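Participant: So the protein lines, in turn, are chains D and F.
First residue of the first sequence? That's 1 in our numbering, and the numbers climb one at a time after it.
First residue of the second sequence? That's 1001 in our numbering, and the numbers climb one at a time after it.
Hints in this document: simulated from the structure, not taken from any laboratory.
Incorrect hints may appear among the rest.
Taking lysine-lysine and the PhoX-like style, the derived pairs with C-alpha atoms no more than 25 Å apart in a straight line are [to be verified]:
no., chain 1, residue 1, chain 2, residue 2
1, D, Lys306, F, Lys1083
2, D, Lys306, F, Lys1097
3, F, Lys1061, F, Lys1083
Bear in mind that the values here come from a model prediction, so they are computed numbers and not experimental data.
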Amino acid sequence: MKFTRAIRMAISSILSNKMRSFLTMLGVIIGVTAVITLIALGRGSTQRVSSQIESLGTNLIIINITGGRNRSVTQEDLQRIKGISGVSELAPVLSGGVTVKAGNKNTSTSLEATTPGYQQVRNTYVQLGRFLLQNDLDMRFRVAVVGVDVADELFGRRDVIGEEISINGVEFSIVGILEEKGSSVAGSDDNRIIIPLTTGQRLLRSTEVRTFYVSTLSPDVVNQVVGEIERFLTRKFNDENSFRVFNQTQLLSTINEATATLTMMLSGIAGISLLVGGIGIMNIMLVSVTERTREIGIRKAIGAKKRDILVQFLIESAVISGLGGVLGIIVGFMGANFLSRILNIPAAISADVVLLATGFSVGVGIIFGLYPASKAASLNPIDALRYE
Amino acid sequence: MIRLENLSKIYSMGDNRVVALNEISLSIDKGEFVAIMGPSGSGKSTLMNIIGCLDVATHGKYYLDGRDITSYNQNQLAEVRNKKFGFVFQGFNLLPKLTAVENVELPLVYAGVGAKKRREEAIRALEMMGLGKRIYHRPSELSGGQQQRVAIARALVNHPSVILADEPTGNLDSKSGMEIMEIFRELHSQGNTIILITHDINVARYAKRMITIRDGQIVSDEEVERR
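Just chain D, same shape as in the assembly (with noise of 0.2 Å):
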């Protein structure tokens, strides 16, 4: 029996009876849906979050030292650090949160006290006025570049160099407004005033510079410098574990493993919906090929192989689910859409995901389709013509 036509005759059989062709294939659909819909969440907020990493710079290094409390690290040793070759920039950061006055407004915010190398290191650019300069530090300037969202803040409007704003008390005059970056996983970076490094070890009563960032002259070389610093580190504080030692592309891969995870672990609750499915269309074409005994017993009488039967009935429920898959994929696509709008989630819905679903519901169709065919398939022809 030619293949069309028995996919033609399982798509006037599932026609013939629309409501439970559909109801049956409600648990397809559901479960592709399901699928779909958070697959293509699942990666396009993991795409978001590398390219807003990928953003701050692949050739970033970021060190902590943590561990006892006096520990720090010198400027002699900043020097050194600075002096590793393929290093070519490197800022030193003091950080801590502060409230910021202007006239009768104040508004709470992190503050940066870093250095002028901070302006590379960090691909942080002002919009307006300068950042700071060495000058600043040598003479332990009070001037602040500020984020827009300080500007807006405390002032409502951007345009804000030479103001005065007062931060935990001391006064300081604005020299530069940053470029905006948008929100990241870290929160705003909009929302941040950086300072001297040297006015803010007064500010913030310490001088122990805890964090620095080193930027490298390539990202190819991040793994050969990272494992200078560390050796560089290690002997100092003679502890390997009193520091941590972060780059980006170490962060890139941590995010991207996590949110793997938890992507597929929502497509495996969702994979359950579709296996629920399958056992629906497996009780479904149980009870068809009941009602049809005796169809199956004409078929039989006048020559139908078991074979023809077992693939007529296979086609059925694989047609069915195949039918549910599509729609599936198609109530997907909406879905992913509309979630993506409303929680702000970009959607990234690839081929591969879309071929896959409908792999498995037409797999589901075949597999759960196997028993029930296979029942029609080996009735015994009179038993199925005298059943009424």
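Given the coordinates of chain D, work out where chain F should sit on it, guided by the hints.
Facilitator: Chain F alone, transformed into the frame defined by chain D:
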């Protein structure tokens, strides 16, 4: 053409053994029109099922066109049913969701005939049965007599060696029943081999030879004298 040798069919249900056919020997030649008569429970339906390869005997031999088919498996039997037999049942046994022509096409579908040829042959068979105008009707839109004629067209479409009719007039009024029997008489005069199972002597009289069975055994096998 058909030769049965000491054919028995025994059903065992638990400790009960029911002998449906007891050592039947019988041969039917090409071109014969045979009626198998008997009251219900006599074993005539079992006999027809075995002749039609819908069932297999417990003991004995069955030769069809000289070949011993007792040892055939299910698939081989299906092929024999498809190629050698055309069935006409009491309850018509048409598929309700298919049109007349699709029903008639079915044996050709399983014989692997191409779509175009199938349709032509099916339409020709329906026209022969005087149903040229009812080709695309579904069984529910046809009268009992018309449905049975569709079933006969289906039985004929594959040019079978034998037409097996099991109480073909059982569900029909007497007028339609007579029409159907006239069709069988006509088919016989064209050279078809027909085996008719019935309990009705008036129906059996259309045949040329009448075999009566009772309790699984042949009690008489005689020529039918013309009315």
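Participant: Hint by hint, say whether it matches the structure.
Facilitator: Now for the hints, and whether the structure bears them out:
1. Among the hinted pairs, D/Lys306 with F/Lys1083 is consistent with the structure: their alpha-carbon atoms are about 16 Å apart, no more than 25 Å.
2. Under the criterion of a C-alpha separation no larger than 25 Å, the hint pairing D/Lys306 with F/Lys1097 is consistent with the structure, at around 22 Å.
3. With a CA separation close to 20 Å, the supplied pair F/Lys1061 and F/Lys1083 stays within the 25 Å bound.
Figure legend: structure checked against the earlier numbered hints; every hint is met.
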